[in-house]
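Trainee: The chain contents come next:
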Amino acid sequence: MTLATLPSPRDEAWRWADLDSLRTAAQTPQQSTGIDPASLFLDLPGPRLTFIDGAFEPAHSRPGAVQLTRLDMNASHPLGALAQGEGWVLKLDARTATDPVQIVHLATGGENHLPARIDLAEDGVATVIESYAGRGWSNRLLHASLGKGARLMRAVRLLQDQGFVSIRDEASIGEAASYVATFLGAGQSGSRIDGFLRCDGVGAFAEMGGALLTRGEQRQECAVAVHHAAPEGTSRQVWRAVAADASTVSLAARAEVARHAQKTDGEQSLRGLLLKRTSTVNLKPELEIFADDVKCAHGATVGELDRRALFYMQSRGIPEAQAKALLTHAFVADALDRIGDEAVGEAFKADADRWLEAAL
Amino acid sequence: MATKNAEALAAANKKYEWGFSSDIEQEFAPKGLSEDTVRFISAKKNEPEWMLDWRLKAYRHWLTMTPPDWAKLNVPPIDYQDAYYYAEPKAKPKLDSLDQVDPEILRVYEKLGIPIEEQKVLAGVEGSRKVAVDAVFDSVSVATTFRAELEAAGVIFRSISEAIREYPDLVKKWLGKVVPMHDNYFAALNCAVFSDGTFVYIPEGVRCPMELSTYFRINAENTGQFERTLIVADKGSYVSYLEGCTAPMRDENQLHAAVVELVALDDAEIKYSTVQNWYPGDENGKGGIYNFVTKRALCQGKNSKVSWTQVETGSAITWKYPSCVLAGENSVGEFYSVAVTNNRQQADTGTKMIHLGKNSRSTIVSKGISAGRSDNTYRGLVRVGPTAENVRNFTQCDSLLLGDQCGAHTVPYIEVRNPSAQIEHEATTSKISEDQLFYAMQRGLDQEAAVALIVNGFAKEVLQQLPMEFAVEAQKLLGISLEGSVG
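Just so you know, the protein sequences line up as chains P and H, in that order. For the first sequence, the residue numbers in the UniProt record's numbering are 1 to 360. For the second sequence, the residue numbers in the UniProt record's numbering are 1 to 487.
These are computed hints drawn from the structure, not numbers from a lab. One or more of the hints may lead you astray.
Unchecked claim - Mimicking DSS-like on lysine-lysine, the simulated pairs with C-alpha atoms at most 25 Å apart in a straight line are: (1) 358/H <-> 263/P; (2) 276/P <-> 44/H; (3) 271/H <-> 286/H; (4) 271/H <-> 172/H; (5) 295/P <-> 460/H; (6) 148/P <-> 349/P; (7) 295/P <-> 358/H; (8) 148/P <-> 91/P; (9) 324/P <-> 276/P; (10) 295/P <-> 431/H.
What the hints assert, rightly or not - Which chain H residues stay away from chain P? Per the calculated CB distances, all over 10 Å, these: (11) 31; (12) 44; (13) 64; (14) 70; (15) 79; (16) 180; (17) 403; (18) 408; (19) 424; (20) 426; (21) 427; (22) 437; (23) 439; (24) 464; (25) 471.
Fair warning: this is a prediction, and the values are worked out from it, not measured in the lab. A virtual CB, placed ideally from N, CA and C, is assigned to each residue, including glycine.
Using the sequences plus the hints, can you model the full thing?
Mentor: Next up, the structure:
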């Protein structure tokens, strides 16, 4: 697979994808961004890794439990398959718990690819926070494997000023294990978040969600699926889209329930907010169900801010702009509230608020 | 309700009750598809030159296309050269009413279970509610009733080939305007080889004095049925159109690729109801109809309204998305659907609501019921264009699973380009609860009757939208289609 043979929008799963801006981003010349990687780390203890254009940068890193090694991963995803070679690996079990792992991806132009693997053995617990900044095309592939009772909390924020970020998550979630991934797209680059989470163990929990905020002519999208392959699994997909100016957000989330995955509890909530009459939100909450004793529901709404709520707030003396900001903040917070670590959640909300200030 | 279901289930014991086939001499076009076939059909129908050119253009375009593969369907490759594209009963003298129709054909209608109201009308009962039937027996319209009364009201209700000859300007103006010939693979095929169908024109300000009804029936072995329906409702008019379908039992798969086009001008309303009960194949998936249909309505005028109601119980494979292009200000689109699949049936069906006009509104209620080893997919699109202010859409799609070998899938697409839109989508998937079953059975129903009762309740919102006589037939069908799916 090369840039020339990427899927086309005629392919159903890539219907809303903006691969033209991915190609453009891949061709931007490299140029200093003036961003200090240190400024992108949150004030938390624990391992820190910096990758500049996909290459490990020891000067701004303290890898701790994270290993750097060559990864040749088996991936059939058109973008994910491009991420091979040097990458990072986090292997933990119940005895080797670690503080949150922070990873900063700084790109200066062109294209860069980075594979990663997270293996959590029985009862292993990890928190991984990733931040993307800079320009060009950053492409990532993550393979995660969660053993019985393991817990992974993953929070990703896309803050690139321009270019494109593509992320592919593939996870196998074991018995009673929990995988929670939250994404915030609050930069100005295009993006595509791809995910395929398999609930392989009985009672597994999978959650993938987040908020994608776009303005200008930006386009961001997610195309994620949770596959329930074992009984009594639970999945949550909560996504929020805010589109300003002439931008587009597309959210495609699918829940698949295999024949024997009885007692599955799946829930999808996709909501879009349009700030301008030129903006676009596309939603596709999809269910594919082969088991008969399941609870699966999805809800999808698109619209503008509730006029009555706005009026009410104005009648209480809150200026219109502030009222709008408050309501939009609450709208986005629905998705970001899923971040378990308070400090991380606050940081993400602050990023979203900065975006709102600039866009509203 | 209980009695009705018991009746339905008793009827179900006869397996596919309507799997008979009658002997009426056919005249076939040579087997296979080529420009010559297209010319043959056009010549058979005494069509004007422009119509032949249109067909040929469609045929040549079809050659460049590939069948759609995005639906959640497993369609075996179709050999388009291994079918007859034209079959008609031997020419009969022109008839004024159904009474004069060949008794064999009348017997066929009887077996089809033409609604009781129509039977009364046929028997000449005074004061009975009137329904006009335009019967499409295989590919040629054999009789049209109530023509005189409809003509007095100014309503044109013709087979499409008659309309091409008698009202060329009207047909030329609208044919292919809602579903263009290059729209999709099956629509292009239909444009090239459509054999017959129905044309309805309701003039300005006229409320059609009766419900219009067409019975489609595929009769000859190995003949595809390519119906073409065009309904134009002029300003301020109203029409309710019923389409009911059954087909005889055959072992080989038969292809049905119909195109239905509806046009509603200012303040006009069209209500289009379908009960589709074609042969679904046997328990092992052998035989059955392929139902690849393009149905689309253009709500062109202000305040226009189109309402699609469908009960889909038959066909081995269904690929069907009755849609509304809501171009007019304040236009309204509605889609009410019950799709039942059992055994090895596959259905990928839903709707498209394209909002282009200000204040346009749409409602989608879809009920999917899967049993046996079948797959049932709802696929729907709601699109709001940038200039469509204050659009409202409400979508509800519920799935019911009977048994653990079937699948229920929901694929809604929502594309919004105007912030004033309010789009809501809800979906649930469930099975019949033990409590419900227990309650119904402790009141004396056996398990199948209880399931039929619950299923009818699940589909009630949609069945209510059907004209009365259709609703009765549809209820029966639900019970029959689910026969043997529980216990």
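Trainee: Now look at each hint and say whether the structure bears it out.
Mentor: Verification of the supplied hints:
Taking the CA atoms of residue 358/H and residue 263/P, the gap is near 44 Å; set against the 25 Å cutoff, the hint is violated. Annotation: proposed proximity of residue 276/P to residue 44/H is violated, straight-line Cα distance about 57 Å (limit 25 Å). Proximity of residue 271/H to residue 286/H is assessed by CA-CA distance (about 35 Å); at most 25 Å being required, the pair is judged violated. For the proposed pair residue 271/H and residue 172/H, the alpha carbon gap of about 23 Å is at most 25 Å, so the pair holds.
About 22 Å separates the Cα atoms of residue 295/P and residue 460/H, which keeps this hinted pair within 25 Å; it holds. The suggested pairing of residue 148/P with residue 349/P is violated, with an alpha-carbon distance near 32 Å, which exceeds 25 Å. Between residue 295/P and residue 358/H the alpha-carbon distance is near 37 Å, which puts this suggested pair outside the 25 Å criterion. At most 25 Å may separate the alpha-carbon atoms for a hinted pair to count; residue 148/P and residue 91/P meet this at roughly 14 Å.
This hinted pair checks out: residue 324/P and residue 276/P have alpha carbons roughly 13 Å apart, not beyond 25 Å. Simply put, residue 295/P and residue 431/H have alpha-carbon atoms about 9 Å apart, close enough for the 25 Å limit, and the pair holds. With a least CB separation of 34 Å from chain P, residue 31/H remains clear of the 10 Å interface cut-off, as annotated. Separation of residue 44/H from chain P is adequate, the least Cβ-Cβ distance of about 38 Å exceeding the 10 Å criterion.
With a cut of 10 Å on Cβ distances, residue 64/H stays outside the contact zone with chain P, its closest approach being about 15 Å. Look at residue 70/H: its CB is around 5 Å from the nearest CB on chain P, not clear of 10 Å, so calling it non-interface is violated. For residue 79/H, the non-interface assignment is confirmed: its Cβ lies about 26 Å from the closest Cβ of chain P, beyond the 10 Å cut-off. Even its closest Cβ contact with chain P, about 19 Å, leaves residue 180/H beyond 10 Å, as expected for a residue assigned away from the interface.
The Cβ of residue 403/H sits about 6 Å from the closest Cβ of chain P, inside the 10 Å cut-off, so the non-interface label is violated. At roughly 5 Å, the least C-beta separation between residue 408/H and chain P is not larger than 10 Å, which violates its mark as non-interface. Residue-level check failed: residue 424/H sits 5 Å from the nearest beta carbon of chain P, not beyond 10 Å. With a least CB separation of 6 Å from chain P, residue 426/H falls inside the 10 Å interface cut-off, contrary to its annotation.
The beta carbon of residue 427/H is not kept farther than 10 Å from every beta carbon of chain P, the shortest such distance being approximately 5 Å. With a cut of 10 Å on Cβ distances, residue 437/H stays outside the contact zone with chain P, its closest approach being about 13 Å. No Cβ of chain P comes within 10 Å of the Cβ of residue 439/H; the nearest lies about 19 Å off, and the non-interface call holds. Remark: the non-interface label on residue 464/H is consistent with the geometry, its nearest Cβ contact in chain P lying 24 Å away (cut-off 10 Å).
For residue 471/H, the condition that its CB be more than 10 Å from all CB atoms of chain P holds, with the nearest at approximately 28 Å.
Consistency note: the structure conflicts with the earlier hints numbered 1, 2, 3, 6, 7, 14, 17, 18, 19, 20 and 21.
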